[in-house]
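Just so we're on the same page, my numbering is the position in the sequence shown counted from 1, plus 9.
To be clear, the hints were calculated from the coordinates, so they are not data collected in a lab. Any given hint could be a false lead.
[To be verified] Computed beta-carbon distance windows for the label pairs:
1) E257 - S36: 31 to 39 Å
2) N79 - S36: 19 to 27 Å
3) N354 - G15: 28 to 36 Å
4) N354 - G215: 42 to 50 Å
5) P188 - G78: 27 to 35 Å
6) E195 - E257: 14 to 22 Å
7) K452 - H402: 15 to 23 Å
8) P92 - N354: 43 to 51 Å
9) S184 - K452: 30 to 38 Å
10) D411 - T280: 42 to 50 Å
By construction, the Cβ of each residue, glycine as well, lies at the ideal position given by its N, Cα and C atoms.
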Amino acid sequence: NDPYYGSAWYFDAVNAPSAWNTTTGSSSVTVAVIDTGFALAHQDLAAHWHYNSGEQGGGKDTNGVDDDGNGYIDDYLGWDFVPYTYVNDPGDNNPQAGVDDPNGEGTSHGTETSGLVGAVGDNGIGTTAISRDVSVMPLQVIDDSGSGYSDDVAEAIYYAVDNGADVINMSLGTSGNDPTVEAAVEYAYDNNVVVVAAAGNCGNPGSDGPCTGQVTGYITFPANNDKVIAVGATTSSNARASFSSYGERLDIVAPGSGSIVSPTWVNGNGTSAYATQLYGTSYASPITASTAALIKSVRPSSSVDDVRALLMASTQQLGGLFYTTSYGHGLLNVSKAVTIAGALNSDEDTPVLAQSGTVRGGGLYAGSDTISSGCEVGVSTWCTVWLRNASAHYERYLPYTDVGGDGKAGWHFSSAALNHGEWEVRARQGELVSDTPYFFFRK
10 NDPYYGSAWY
20 FDAVNAPSAW
30 NTTTGSSSVT
40 VAVIDTGFAL
50 AHQDLAAHWH
60 YNSGEQGGGK
70 DTNGVDDDGN
80 GYIDDYLGWD
90 FVPYTYVNDP
100 GDNNPQAGVD
110 DPNGEGTSHG
120 TETSGLVGAV
130 GDNGIGTTAI
140 SRDVSVMPLQ
150 VIDDSGSGYS
160 DDVAEAIYYA
170 VDNGADVINM
180 SLGTSGNDPT
190 VEAAVEYAYD
200 NNVVVVAAAG
210 NCGNPGSDGP
220 CTGQVTGYIT
230 FPANNDKVIA
240 VGATTSSNAR
250 ASFSSYGERL
260 DIVAPGSGSI
270 VSPTWVNGNG
280 TSAYATQLYG
290 TSYASPITAS
300 TAALIKSVRP
310 SSSVDDVRAL
320 LMASTQQLGG
330 LFYTTSYGHG
340 LLNVSKAVTI
350 AGALNSDEDT
360 PVLAQSGTVR
370 GGGLYAGSDT
380 ISSGCEVGVS
390 TWCTVWLRNA
400 SAHYERYLPY
410 TDVGGDGKAG
420 WHFSSAALNH
430 GEWEVRARQG
440 ELVSDTPYFF
450 FRK
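From just these sequences and the hints, can you work out the full model?
The following block contains the structure:
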């Protein structure tokens with residue numbers, strides 16, 4: 010009954026309503042939004058913020074003491090990592106938008122991405138999110154002007170992991186890889202926290218910001234890290250948004266152009282303002298992160314690799330191949346991802362990869378050759394095939410397929426979907442992968 014729901018085309022585009030017949034999310038699943046400041050009192054977000062129980066009750070939120078011993082004083086509602094006064098300023102416990110500059114260019118962004126992660130659904134106001142019952146952890150690393158530092162991004166990632174986040178969304182980017190942030194992303198992966206990031210808006214020649222001096226289509230950092238799910242943007246006609254970055258590091262696409270509706274913050278109204286036209290991969294990323302949270306609500310035991318496979322192997326394919334540099338694995342399909350996640354809870358078995366050729370050096374394929382792969386399992390459920398480029402660490406997934414009563418599934422795909430080099434191939438079903446890999450070379 011949210012008034013903006015009817016104009017929000019993207020819910021139907023990614024098959025979200027069908028998924029809601031299974032789950033609307035869980036407050037026990039937390040998505041950390043690492044971004045600009047937030048409209049903490051917004052009517053469509055206030056009920057979904059993640060509160061730190063170790064800094065609540067008995068005046069703990071204002072007593073100036075680190076009651077929970079995590080290194081942050083009074084962090085009852087997220088943290089502001091922005092160093093306003095000096096370089097090593099640790100920040101404060103008020104990640105509120107507009108505190109430093111209420112007219113700054115970055116004041117609304119964090120609220121908008123948070124709304125797409127977890128706006129309260131079916132409350133008769135505003136809009137909703139794909140995961141309608143999630144908890145959102147607000148972590149500010151970008152100031153009101155829209156600028157920030159890599160060290161603060163890294164610290165926010167560590168904070169999110171150590172303080173209960175299941176998923177991290179980063180709708181931000183820069184042109185150079187930073188080893189401090191890379192180490193933090195690795196820490197998140199090692200601790201089973203899914204990291205999702207905007208691929209960037211470098212799709213048009215001459216794009217500025219982090220695109221300056223880069224090739225057209227450049228995927229910004231940290232989205233270009235192989236442990237991060239890089240999300241591009243589509244239009245209401247399921248075309249790549251012209252601004253959306255593209256390339257071999259792209260994993261998936263989601264709506265990010267046009268009538269995207271989300272809570273926002275404006276000077277003078279931090280409680281009930283909404284943005285109704287949003288453009289950017291910044292908005293495709295939280296839609297995907299919200300879906301990852303929905304998966305975790307159905308399948309709490311999911312590892313990062315399991316969630317990645319569920320997202321990328323359940324898509325609506327675009328561009329004629331199972332993977333393209335314009336669309337990645339295709340358009341997010343919330344319903345299918347949730348359906349498969351639920352099915353894997355009931356039946357999961359170590360799959361066997363059915364592949365012709367020898368274990369190593371099994372094939373040498375040109376760009377127009379057809380490759381065949383199969384999966385055999387002892388239970389009647391879903392299976393995919395996972396391919397990994399040995400040198401560049403690109404990961405590709407064949408579409409999750411119901412194996413049927415005979416426990417078998419097969420795929421025939423063009424080698425044009427793969428870049429050059431050696432590829433490792435394994436069958437995958439949920440957390441379980443085939444024991445023996447197969448290797449081939451793509452010329």
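Results for each hint:
1. Here the CB-CB span from E257 to S36 is close to 37 Å, well matched to the stated 31 to 39 Å.
2. For the pair N79 and S36, the beta carbons lie near 21 Å from each other, so the given range of 19 to 27 Å is met.
3. The supplied range of 28 to 36 Å is met by N354 and G15, whose beta-carbon atoms lie about 33 Å from each other.
4. For the pair N354 and G215, the supplied restraint of 42 to 50 Å holds, since their beta-carbon distance comes to about 48 Å.
5. As the Cβ distance of P188 to G78 is approximately 28 Å, the hint placing it in 27 to 35 Å holds.
6. Checked against the hint of 14 to 22 Å, the C-beta distance between E195 and E257 comes to roughly 21 Å, which is consistent with it.
7. In this structure the hint that K452 and H402 lie 15 to 23 Å apart at CB holds, the actual value being about 20 Å.
8. Against the hinted window of 43 to 51 Å, the Cβ-Cβ separation of P92 and N354 comes to about 44 Å, which satisfies the hint.
9. Taken as a hint, the range 30 to 38 Å holds for the pair S184 and K452, whose Cβ atoms sit roughly 31 Å apart.
10. The beta-carbon spacing between D411 and T280, approximately 46 Å, falls within the hinted interval of 42 to 50 Å.
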